[in-house]
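Generate the whole structure from the sequences, applying the supplied hints.
So the sequence lines, in the order shown, correspond to chains B and D.
Residues 67 to 521 (the numbering used here) are what the first sequence spells out, left to right.
Residues 4 to 153 (the numbering used here) are what the second sequence spells out, left to right.
In case anyone wonders, no lab produced these hints; they're calculated from the structure.
Mixed in with the good hints there might be a few duds.
What the hints assert, rightly or not - Computed spacing ranges between beta-carbons, pair by pair:
1. D:S76 to B:E479: 25 to 35 angstroms
2. B:S392 to D:E123: 31 to 41 angstroms
3. B:G303 to D:E20: 27 to 37 angstroms
Claimed, not checked - Calculated pairs, BS3-like style, for lysine-lysine (alpha carbon to alpha carbon, straight line, at most 25 angstroms):
4. D:K148 to B:K79
5. D:K148 to B:K313
6. B:K79 to D:K130
7. D:K135 to B:K79
8. B:K129 to D:K130
9. D:K148 to B:K385
10. B:K129 to D:K148
11. B:K166 to B:K118
12. B:K314 to D:K148
13. D:K148 to B:K68
14. B:K68 to D:K85
Remember, it's a predicted structure, so these values are computed and weren't measured experimentally.
Backbone N, C-alpha and C define an ideal beta-carbon position, used for all residues, glycine too.
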Amino acid sequence: MKYEVSEILETIKMNALENLDVRTVTLGISTLDCSDPDIIKCAKNIREKILKYGANIVPAAEKIARRYGVKIVNKRVSLTPLSLVFSRSYSVDEYVEAAKIIDKTASDIGIDFIGGYSALVHKGITPGEERFLESIPYVLSATEKLCSSVNVATTKAGINMDAVLKMGFIVKHTAELTADRQAIGCAKLVVFANIPEDNPFMAGALHGEGEGDCVLNVGVSGPGVVYRAVKALPVDGDFDILCETIKKTAFKITRMGELVGREVARELNVPFGILDLSLAPTPAIGDSVADILEAMGLESCGTHGTTAALALLNDAVKKGGAFASSYVGGLSGAFIPVSEDSTMARRAGEGKLTFDKLEAMTSVCSVGLDMIAIPGDTSAETIAAIIADEISIGVINSKTTAVRLLPVPGAKEGDEISLGGLLGKAKIIPVHKDSPSTFVRRGGRIPAPIQSLKN
Amino acid sequence: MDIQERIEKNISQVIREELGDSIHPDKLNSIIKNITEKLTFCLTPDELVLLRIKMDEKTQRELAVLSVIGQDSVGIVAEVTKVLAESRANIEGMNQAIVSGYFALILTIDISGMTVSLDELQSMMDKIAEKKNLRIFIQHENIFKSMNRI
Numbered sequence: 067m068k069y070e071v072s073e074i075l076e077t078i079k080m081n082a083l084e085n086l087d088v089r090t091v092t093l094g095i096s097t098l099d100c101s102d103p104d105i106i107k108c109a110k111n112i113r114e115k116i117l118k119y120g121a122n123i124v125p126a127a128e129k130i131a132r133r134y135g136v137k138i139v140n141k142r143v144s145l146t147p148l149s150l151v152f153s154r155s156y157s158v159d160e161y162v163e164a165a166k167i168i169d170k171t172a173s174d175i176g177i178d179f180i181g182g183y184s185a186l187v188h189k190g191i192t193p194g195e196e197r198f199l200e201s202i203p204y205v206l207s208a209t210e211k212l213c214s215s216v217n218v219a220t221t222k223a224g225i226n227m228d229a230v231l232k233m234g235f236i237v238k239h240t241a242e243l244t245a246d247r248q249a250i251g252c253a254k255l256v257v258f259a260n261i262p263e264d265n266p267f268m269a270g271a272l273h274g275e276g277e278g279d280c281v282l283n284v285g286v287s288g289p290g291v292v293y294r295a296v297k298a299l300p301v302d303g304d305f306d307i308l309c310e311t312i313k314k315t316a317f318k319i320t321r322m323g324e325l326v327g328r329e330v331a332r333e334l335n336v337p338f339g340i341l342d343l344s345l346a347p348t349p350a351i352g353d354s355v356a357d358i359l360e361a362m363g364l365e366s367c368g369t370h371g372t373t374a375a376l377a378l379l380n381d382a383v384k385k386g387g388a389f390a391s392s393y394v395g396g397l398s399g400a401f402i403p404v405s406e407d408s409t410m411a412r413r414a415g416e417g418k419l420t421f422d423k424l425e426a427m428t429s430v431c432s433v434g435l436d437m438i439a440i441p442g443d444t445s446a447e448t449i450a451a452i453i454a455d456e457i458s459i460g461v462i463n464s465k466t467t468a469v470r471l472l473p474v475p476g477a478k479e480g481d482e483i484s485l486g487g488l489l490g491k492a493k494i495i496p497v498h499k500d501s502p503s504t505f506v507r508r509g510g511r512i513p514a515p516i517q518s519l520k521n
Numbered sequence: 004m005d006i007q008e009r010i011e012k013n014i015s016q017v018i019r020e021e022l023g024d025s026i027h028p029d030k031l032n033s034i035i036k037n038i039t040e041k042l043t044f045c046l047t048p049d050e051l052v053l054l055r056i057k058m059d060e061k062t063q064r065e066l067a068v069l070s071v072i073g074q075d076s077v078g079i080v081a082e083v084t085k086v087l088a089e090s091r092a093n094i095e096g097m098n099q100a101i102v103s104g105y106f107a108l109i110l111t112i113d114i115s116g117m118t119v120s121l122d123e124l125q126s127m128m129d130k131i132a133e134k135k136n137l138r139i140f141i142q143h144e145n146i147f148k149s150m151n152r153i
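The structure is reproduced here in structure tokens:
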């Protein structure tokens with residue numbers, strides 16, 4: 067036999083029992099050549115471009131999934147930030163109409179999500195972008211699969227606090243317009259610092275301006291596999307063994323993802339872009355990042371030691387994964403999306419994992435304050451201040467950070483919301499009540515930090 | 004094509020690529036003959052077998068791993084191998100083990116000459132799996148190569 071029985075059985079165990087899968091294959095498509103002064107014509111051009119490259123993404127992914135016995139959970143498309151493609155200001159109705167055409171295209175080709183209703187406003191907002199940003203709540207409430215992201219800061223440019231404040235109101239407005247669906251619109255809206263141009267994960271996926279015409283990016287999953295590997299270690303095993311075990315497991319997960327990504331790219335006849343080696347949890351039992359932290363020896367995720375455990379996990383995953391893939395990109399770190407991680411959601415609901423602890427954790431992993439349900443009466447200014455805090459962590463540490471909050475209208479601390487599918491469920495957790503309003507309303511930009519002066 | 008002919012063909016290809024048509028055909032043939040003779044004489048019979056295996060791997064085979072896992076019962080191997088034979092999938096390796104109380108049969112099969120697609124073979128195996136209360140996985144070997152070999 068070319069392979070040991072143990073090697074074959076280990077792979078089967080990972081796939082069949084430990085939820086190892088490819089979380090997403092995401093086809094990045096440039097829509098810069100789709101621009102037209104008539105926004106409806108522009109949207110139709112975008113539809114044609116998506117159909118040109120992406121019509122077969124679902125059958126291609128399913129073919130490769132069967133060939134290797136590996137599940138590919140989501141098939142997605144990311145587009146050039148549409149604020150760049152929609153060439154001037156339009157009415158809200160026009161934006162919504164164009165968005166519906168793109169959303170329908172996503173449904174027609176059978177993908178799960180499409181990203182790119184996005185704007186890059188980290189240094190300033192043009193009048194066109196201003197209108198575009200204001201359309202986001204309406205677009206997200208009128209579409210199913212279209213996702214939106216807004217970059218409000220970079221390490222090089224500093225933080226556009228006008229954009230941060232605006233996003234506080236936009237998040238709030240999106241929640242109100244989708245109040246009948248537990249603020250699901252907010253699950254499709256992310257506010258970023260240092261947004262990556264090749265991220266395959268939603269809701270923040272977009273196809274950067276520096277990318278080619280079309281590229282296939284892949285995001286792996288695998289917390290279940292890492293959890294079982296850590297769980298199998300002796301409880302008194304030292305950190306050396308712990309880190310080595312995670313690295314070796316991450317290596318295998320990444321190699322599998324890279325193989326599948328390259329094969330799907332070949333099937334679609336497009337170049338392979340990057341592999342995002344993020345550990346992405348799902349609400350399935352046993353596929354939780356919080357479980358890994360607890361398996362390391364924490365009584366509950368959120369207690370003292372959680373940040374150190376997460377830092378260790380994130381670093382070991384990167385080291386194992388970086389060696390396994392030729393092109394690592396996207397976010398590439400452990401995710402901590404509260405509602406999407408069953409144990410994390412439970413600990414947050416129990417009050418053991420607090421909002422402030424989550425913020426601390428984001429300083430050592432990707433990506434940020436993610437999928438956190440907060441009381442519906444949280445003010446737009448408080449949401450803006452939360453965004454400012456999180457974005458500062460990214461800007462100062464030259465990393466990507468992001469905020470995806472759900473201020474569920476009418477919901478109070480302890481209420482539970484259920485979003486279904488990969489988005490999971492979570493209880494509403496409290497935020498600080500004292501007002502940051504005067505601070506966030508100062509206006510202007512927070513300058514780029516001294517770390518950015520590298521030339 | 005025997006091993007000597009294949010070596011000759013490969014050497015001829017390399018020389019032609021390097022020198023194009025600038026070399027006289029008779030000269031080319033005499034060089035190839037010389038090299039081939041020297042090569043085959045310097046190999047032991049065992050090394051020749053290894054060389055043949057390596058060349059076979061490069062040129063022809065496409066392998067998949069078929070794993071059967073579940074409760075042991077009479078006739079599992081017979082049913083699985085019957086379908087493989089009918090589908091013209093050649094068994095290259097076979098291993099059977101009891102893992103954590105479960106029966107595990109692992110076959111490496113050459114799928115390059117199969118008369119059915121991998122999907123169709125999986126469907127046929129699914130029927131056996133359902134009847135015998137087993138799980139049968141067919142995975143292209145590249146997944147094991149990529150996860151376990153550098």
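### Message
To test your reading of the hints: which numbers does this structure violate?
### Response
1 and 3
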